[in-house]
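Q: Position chain R against the provided structure of chain Z, taking the given hints into account.
Protein chains: 2
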Amino acid sequence: MTKDTLVAQIREKQSFLCVGLDPDLSLIPSFLLEFEDPVFEFNRRIIDATKDLCVAYKPNTAFFEALGPKGWISLQKTLDYIPDTHFKIADAKRGDIGNTSRQYAKAFFESLSADAITVAPYMGRDSVEPFLEFPNKWVILLALTSNKGSLDFQMTPDQQEEALYEQVLRISQTYQGAERLMYVIGATHPDLIGKVRSLAPNHFFLVPGVGAQGGDLEAVAKQGMNADVGLLVNSSRGIIYAGNGPDFAEKARESALGLQQQMAALLSKMN
Amino acid sequence: MTKDTLVAQIREKQSFLCVGLDPDLSLIPSFLLEFEDPVFEFNRRIIDATKDLCVAYKPNTAFFEALGPKGWISLQKTLDYIPDTHFKIADAKRGDIGNTSRQYAKAFFESLSADAITVAPYMGRDSVEPFLEFPNKWVILLALTSNKGSLDFQMTPDQQEEALYEQVLRISQTYQGAERLMYVIGATHPDLIGKVRSLAPNHFFLVPGVGAQGGDLEAVAKQGMNADVGLLVNSSRGIIYAGNGPDFAEKARESALGLQQQMAALLSKMN
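These protein sequences, in sequence, are chains Z and R. Heads up, the first sequence is in our numbering, so the first residue is 1 and it goes up one at a time. Heads up, the second sequence is in our numbering, so the first residue is 1 and it goes up one at a time.
Okay, chain Z solo, but in the shape it has when bound (with noise of 0.2 Å):
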């Protein structure tokens, strides 16, 4: 996809909602069990109740490899399920030397049907580069987490010396194919998604973290918009588990509602 077609699907529907897919099968509604694909009747659902108040789905794919290979049947066909319009983000937080990152970019790209990976920068230029070589494809970099472990390296040397993550930011912009790089940012840390910003104005940042971590959706907009809007904000657990009865997709429609309406209120505030 290019970042013109997420752009224009932001202003149209007034919404930079990415949902997230973390289907468990201890937490999803008891009565998919019957089904041959439970993860994926239950991906499908969530997705027919939910596709016009988004622009993107992010599987994470840690829960369809906890499946075994069925899992990752169901992985391939919840990205295909997805509709091409929306931004399909596997969240994969893959890296390794350049001839595995090339496999990996295989795997996510061509195997599968992602537009995005998420990728963790801890190997440097040459583990991200190979995912940078796919036209229209992007990689989603880690550079400050949501959890609370983004404290241990991410923030260090201290304040007065560049930080981890703003050292991923400024060196990873150098690049072959950094026009297609976004970087995660998590929502849990507003106070400084201003700098970030100012670090890296033109790229999309993923904000995981509103919701069930505590992420405030107004501190990240305010902050964090540009020109091109610029953010997917991504809600998993707080949407895909509203309900778990059978009413389970109206309950992550209304939730994803709830968020969609305070994007059009920032959208149109701030734009």
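Each hint should be verified, as a subset may be incorrect.
Which copy is meant is left open, so a pair is good if it fits within one copy or across any two.
As a list, the in silico DSS-like pairs of lysine-lysine whose alpha-carbon atoms are at most 30 Å apart [claimed, not checked]:
#1 K70 - K106
#2 K222 - K106
#3 K70 - K137
#4 K195 - K13
#5 K251 - K106
#6 K3 - K77
#7 K70 - K148
For the record, the hints were derived by calculation from the structure and aren't laboratory data. As the structure is a prediction and not an experimental result, all values here were calculated from the model.
A: Positioned in the frame of chain Z, the structure of chain R alone reads:
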């Protein structure tokens, strides 16, 4: 697998060799493509030809994922085929927020039969500890990798300060379950292996980069060995692609034997 079992295997076989399984359909002998599962057939023959010479196998998940759901089946069959006397490393470079890392741990330690998984440290403590909750299962944390991109972030900030890989070594040893941590230390940094050993005296290192990437086995052993040997030296392409005709498994054995003999000499000299 326990540490005692691994060390006993090393002593018995006079080998600290790990064979990396990176099965690439464009590189394996073409006659194997006629089999129903060429990847498994390739791995099976490599394992049969080398199992008395090595103590560990390291399937690289990227090469299986690139083949879609059937690749995941080949991975499962490969891990099941590796004898239980051998340490089974899923080279997967995973790591995510806590509830997601727990799903990856289930994928590799329960759905698949791996003893260990490689994990990227960028997201910190709560991304690693869920893997360490499984008895007798191991995390092999990326510290100083073998690729050129290791210079990008792992070696910063500079010589005066504590570099990122040193922070990773220091902080991760405080994690819950750290007695089941090993570290990836690339053979391409021979001048630093002694320093790394002083920072983590009791942990095993998984050392890639000998062979195709140019690392030197003797330098690694001299600086990296501890009282338990403490090293698993990996070779992938140098062994599995030593030949590509009908005799590829014999060629792989010859290559593995060459390394095992060097290892036996180093073990007798140093222990």
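Q: As a check of your reading, is K70 near K148 (CA-CA no more than 30 Å) within one copy, between copies, both or neither?
A: Result: close neither inside a copy nor across copies, 32 Å intra and 36 Å inter.
Q: Taking 30 Å as the upper bound on the Cα-Cα distance, should K70 and K137 be classified as within, between, both, or neither?
A: The answer is both: 26 Å in one copy and 24 Å across copies each meet 30 Å.
Q: Can you give me the call for K222 and K106, within, between, both or neither, at a CA distance of at most 30 Å?
A: neither (37 Å within a copy, 39 Å between copies)
Q: At most 30 Å between CA atoms: does that hold for K3 and K77 within a copy, between copies, both, or neither?
A: within (25 Å within a copy, 41 Å between copies)
Q: Tell me, please, which holds for K195 and K13 at an alpha-carbon limit of 30 Å: within, between, both or neither?
A: For K195 and K13, the Cα distance is within 30 Å only inside one copy (28 Å; across copies 55 Å).
Q: Can you give me the call for K70 and K106, within, between, both or neither, at a CA distance of at most 30 Å?
A: Close inside one copy (20 Å) and across copies (15 Å); limit 30 Å.
Q: Given a CA cutoff of 30 Å, do K251 and K106 count as a within-copy pair, a between-copy pair, both, or neither?
A: between (36 Å within a copy, 29 Å between copies)
The structure is inconsistent with the numbered hints 2, 7, although it conforms to all the rest.
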